[in-house]
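Asker: Sequence order for the protein chains is A and B. The numbering used here puts the first residue of the first sequence at 448, with every later residue one more than the last. The numbering used here puts the first residue of the second sequence at 448, with every later residue one more than the last.
One thing to keep in mind: the hints can contain errors.
Simulated crosslink set (DMTMM-like; lysine to aspartate or glutamate; CA at most 25 Å straight-line) [unchecked claim]:
no.	chain 1	residue 1	chain 2	residue 2
1	A	LYS783	B	ASP735
2	A	LYS783	B	ASP705
3	A	LYS802	A	GLU820
4	A	LYS783	B	ASP658
Okay, the calculated bits of chain B under chain A, using three or more residues with CB under 8 Å as the criterion [to be verified]:
no.	region
5	567 to 579
6	604 to 616
7	666 to 673
These are computed hints drawn from the structure, not numbers from a lab. Fair warning: this is a prediction, and the values are worked out from it, not measured in the lab. Glycine included, every Cβ here is placed at the ideal spot set by N, Cα and C.
2 protein chains.
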Amino acid sequence: MGPDETHGSTALLTDHYELTMLASSLSDGTASRPCVFEVFARRLPDGRRYGVVAGTNRLLDAIGDFRFTDREITQLASTAVVDDATLDWLAEYRFRGDIDGYAEGELYFPGSPILTVRATFAEGVVLETLALSVLNHDSAIASAAARMSSAAHGRPIIEMGGRRTHEYAAVAAARAAYLAGFATTSNLEAGRRYGIPTGGTVAHAFMLLHDTEEDAFRAQVAKMGADTTLLVDTYDITQGIETAVRVAGPELGAIRIDSGDVGVLARKAREQLDSLGARDTRIVVSGDLDEHAIAALRAEPADAYGVGTSLVTGSGAPTAGMVYKLVEVDGRPVAKRSENKASRGGQKAALRRHKPTGTALEEVVYPCAAPPEPGEYDRLLHLPLMRGGEPVENLPTLDDARALLRRRLVSLPWEGLKLSRGEPAIPTVFP
Amino acid sequence: MGPDETHGSTALLTDHYELTMLASSLSDGTASRPCVFEVFARRLPDGRRYGVVAGTNRLLDAIGDFRFTDREITQLASTAVVDDATLDWLAEYRFRGDIDGYAEGELYFPGSPILTVRATFAEGVVLETLALSVLNHDSAIASAAARMSSAAHGRPIIEMGGRRTHEYAAVAAARAAYLAGFATTSNLEAGRRYGIPTGGTVAHAFMLLHDTEEDAFRAQVAKMGADTTLLVDTYDITQGIETAVRVAGPELGAIRIDSGDVGVLARKAREQLDSLGARDTRIVVSGDLDEHAIAALRAEPADAYGVGTSLVTGSGAPTAGMVYKLVEVDGRPVAKRSENKASRGGQKAALRRHKPTGTALEEVVYPCAAPPEPGEYDRLLHLPLMRGGEPVENLPTLDDARALLRRRLVSLPWEGLKLSRGEPAIPTVFP
Chain A
448 MGPDETHGST ALLTDHYELT MLASSLSDGT ASRPCVFEVF ARRLPDGRRY
498 GVVAGTNRLL DAIGDFRFTD REITQLASTA VVDDATLDWL AEYRFRGDID
548 GYAEGELYFP GSPILTVRAT FAEGVVLETL ALSVLNHDSA IASAAARMSS
598 AAHGRPIIEM GGRRTHEYAA VAAARAAYLA GFATTSNLEA GRRYGIPTGG
648 TVAHAFMLLH DTEEDAFRAQ VAKMGADTTL LVDTYDITQG IETAVRVAGP
698 ELGAIRIDSG DVGVLARKAR EQLDSLGARD TRIVVSGDLD EHAIAALRAE
748 PADAYGVGTS LVTGSGAPTA GMVYKLVEVD GRPVAKRSEN KASRGGQKAA
798 LRRHKPTGTA LEEVVYPCAA PPEPGEYDRL LHLPLMRGGE PVENLPTLDD
848 ARALLRRRLV SLPWEGLKLS RGEPAIPTVF P
Chain B
448 MGPDETHGST ALLTDHYELT MLASSLSDGT ASRPCVFEVF ARRLPDGRRY
498 GVVAGTNRLL DAIGDFRFTD REITQLASTA VVDDATLDWL AEYRFRGDID
548 GYAEGELYFP GSPILTVRAT FAEGVVLETL ALSVLNHDSA IASAAARMSS
598 AAHGRPIIEM GGRRTHEYAA VAAARAAYLA GFATTSNLEA GRRYGIPTGG
648 TVAHAFMLLH DTEEDAFRAQ VAKMGADTTL LVDTYDITQG IETAVRVAGP
698 ELGAIRIDSG DVGVLARKAR EQLDSLGARD TRIVVSGDLD EHAIAALRAE
748 PADAYGVGTS LVTGSGAPTA GMVYKLVEVD GRPVAKRSEN KASRGGQKAA
798 LRRHKPTGTA LEEVVYPCAA PPEPGEYDRL LHLPLMRGGE PVENLPTLDD
848 ARALLRRRLV SLPWEGLKLS RGEPAIPTVF P
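The following block holds chain A by itself, in its conformation from the complex (with noise of 0.2 Å):
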């Protein structure tokens, strides 16, 4: 649970208006007052037909490293940012509210209630922006990745995205692939934070720096054996072929293919391996890969998918959108005023209906005040997550959440895996 970044404080990851906020409300007495912050998304996006709940466990730690040491201190009274009255409250400041929310790994759709926070509107408040990061990008790259891994259909993607993307969010970007089903990631650091399986062979960088490519094959099946991925396309990829089982023997692991009509090429690949005694040689493909590609490749001898950019940058859909709304004070629910925008005061939770065959019905999101009977097929889809400020004990882990995220996708109407656009698989009610 031990953080890495900012020495151990995440207080900083915040908008100045959220402490402008806090300083005003401390000075008119409204800092106490009981409130209730829900994260929602009002949509998904575009054309999407569900997404997935991640980063809570980051969140939960995040939220236990919020604290306003000497060094968030005298950055904030150097820059004048709130009053000494307030900055003595920040050093005060540990989290010691109430949150519920839903699993990493459950599907979400508009308007579920992702995450509740029970605290003070001071305590509450504060902790907006970093909620609203965790959640935003997790959630985004592993809605879209979920959607690869359908494509996918049981064979195995390796993540290798962390270069076209900050190289912190490349971190959670390997965390969120996993939990939606990515074998591997070629992230190092992801590897260490998370124990998920890492990866990898070589870049063509490998096979110029050799004055052959079979000089390049030789020395990478010396050190990692024959069943390793020797990379093919580097000049001709029938010759590639050729001198890769020449030089591993038909025991070769694997070749990968980077560039080109993938679909097409792996199966020239498939005959001629086939033909060279290399049944059992796996073909990997990668070279902007995403989940619409993915799926034109299922006819094709393809073994295993390589996927980079596209996962890290949400397939489209780089943010979720969820928001961070006051919804209770004191008791009383409370909302903007509202034309097109679903706001709806109120503490509240939700619960999924679903067919006695186990398929999804609908989002039932309803005031807590008024808990509708659960019927016999429906799931309640609130969780304890902190109480007092502390994380429950026996939190769900990235594993729990890779394995609930697969029973899921399994529940949703078959529609809602569809990769087309469309309406969000289940609606979501109101009562």
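Using the hints provided, position chain B relative to the given structure of chain A.
Answerer: Then chain B, alone, in the frame of chain A:
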């Protein structure tokens, strides 16, 4: 220059295969071959007319912190990523090579050699992932931000997108936005790390916390003075403005409108403010603005813009698509076979040709072995950035980069600043 993340080491922000390539090359002796690696983008994001280099100074810092301490070595050993000989080599690693490149804030075009790394294969290859993560992220954000700054036509833009991206990407995004001309950021950590001015007042939560809008305005004005920005769109905007001026007086600093058709609302608000005698009260608009929305507001009385999601997601282009390619080994140009990718071997540099008026004409990317005769209006684009692994003295600062970009945008042909999709503003030529 102090690192904050990962207890000071950036070494595991790296793809697994960089280290397996290293291991194989150490085994066969090719690791020590002198090499040149080049960072460039094959193309600009779809329809963009220029790119902005950003992240260089962040990268130089991160390279200084690229060390394999006990923690990294233990992790790599326990997961058997590489053998003991390679671990011994890594434990001693520090970069000792030379780096040249474009200044931060410089424009770039397809094929521009943004960064050139000269080192042994071993020393250079391990930096690939980190270099690309930093440059791809920061340049994507700065490139989008520059378009927004152009569209704003001198009106200030407030960066407020941190909640829509990974919590540390948010800090780098605020830096890139400032480089590209934004006035302030909401991100407090960006204020601490980079000295960027931060700002903010209140969110709707502060309004809803109070029993009435007037109570909220009074609390805010009592704390922050009349020169603050009051958020007037929580309930009814006309009523909100009336109350705001009544509470703060005509010396009210600004109002903010965060929803609805902000152009129409700004016009009506201006009339109302003027009629109330608040002629100097400014109007800040926010809410899903991008460069196109900003441009559309040019004729409206909006005095400042708040921009969030579109900034941190690169306004449709969240990554710059730069690659880090081995272009020279032992003095010989090398390049992958390529059908439609522009892969040119050999160490290169660049100059930009201009008309006598100062308008840019073309980007000339030439082999260092055969430099062209620079003309009177040509500008050489490579600066020394590192020598022997140490940053050169007097590196341009963030403020230098901000000033440079402002000058460079003026040098573009006028079509280059159009927001519509088009070709790169100037062609890249390879003599």
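Asker: Would you mind marking each hint as holding or not holding in the structure?
Answerer: Here is how each hint holds up against the structure:
1. Simply put, LYS783/A and ASP735/B have alpha-carbon atoms about 17 Å apart, close enough for the 25 Å limit, and the pair holds.
2. For the suggested pair LYS783/A and ASP705/B, the alpha carbons sit about 12 Å apart, so the restraint of at most 25 Å is met.
3. For the proposed pair LYS802/A and GLU820/A, the alpha carbon gap of about 16 Å is at most 25 Å, so the pair holds.
4. Taking the CA atoms of LYS783/A and ASP658/B, the gap is near 13 Å; set against the 25 Å cutoff, the hint holds.
5. Note: the region 567 to 579 of chain B has 6 residues with beta-carbon separation from chain A under 8 Å; the three-residue rule is met and the coverage holds.
6. For the region 604 to 616 of chain B, the stated coverage by chain A is satisfied: 9 residues place a CB nearer than 8 Å to a CB of that chain, which reaches the threshold of 3.
7. Using a Cβ-Cβ cut-off of 8 Å, 5 residues of the region 666 to 673 of chain B lie near chain A, which meets the minimum of three, so the contact claim holds.
In summary, the structure agrees with every hint in the numbered list given earlier.
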